[in-house]
Amino acid sequence: MSDTAAPATLDCAETETFVAEQRKLIAEQSKLQAEALKIGRDRLLGPLSIGFAGIAAAAAFFGAGAAFVKLLGS
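Note that this note's numbering has the sequence shown beginning at 166, numbered continuously upward.
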């Protein structure tokens, strides 16, 4: 028969430290993933917000022009 060594005893404190570190890294990864999703959303909605601001500015200029023409026309 071959000689087998007894399995090493588990160090519970070291295991708990490892698990705590893994949980911390997983939480950090989740936080970074949420931030990346937010940046992606902002990148998608950025041009739309610029477009809507342009439309609102055009409407304001149109309204001001109409008021000016009405003021001078009467």
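Fair warning: there could be bad hints in the mix.
In silico DMTMM-like links for lysine to aspartate or glutamate, alpha-carbon gap of 25 Å or less [stated by the list, open to error]:
no., residue 1, residue 2
1, 189, 179
2, 196, 207
3, 196, 176
4, 203, 193
5, 203, 181
6, 196, 186
7, 189, 200
Don't read these hints as lab results, they were simulated from the structure. As the structure is a prediction and not an experimental result, all values here were calculated from the model.
- Taken at face value, is the distance from the CA of residue 186 to the CA of residue 196 at most 25 Å? Given pair residue 196, residue 186 holds - Cα atoms ~15 Å apart, limit 25 Å.
Exercise. Would you check the hint for residue 196 and residue 176, treating anything up to 25 Å between C-alpha atoms as holding?
Key: violated, 31 Å
**Asked** Within a Cα-Cα threshold of 25 Å, do residue 189 and residue 200 meet the stated pairing?
**Response** Holds - the C-alpha atoms of residue 200 and residue 189 are around 17 Å apart, at most 25 Å.
Check: Quick one, are residue 196 and residue 207 close enough, alpha carbons at most 25 Å?
Finding: holds, 17 Å
Could you grab the alpha-carbon distance between residue 203 and residue 193 and see if it respects the 25 Å cut-off?
Answer holds: residue 203 to residue 193 is near 15 Å, not above 25 Å.
- Item | Straight-line alpha-carbon gap residue 189 to residue 179, limit 25 Å | This hinted pair holds, its Cα atoms lying about 15 Å apart.
(message) Check the hint pairing residue 203 with residue 181 against an upper bound of 25 Å on the C-alpha distance.
(response) violated, 33 Å
Of the numbered hints stated above, those contradicted by the structure are hints 3, 5, listed in ascending order.
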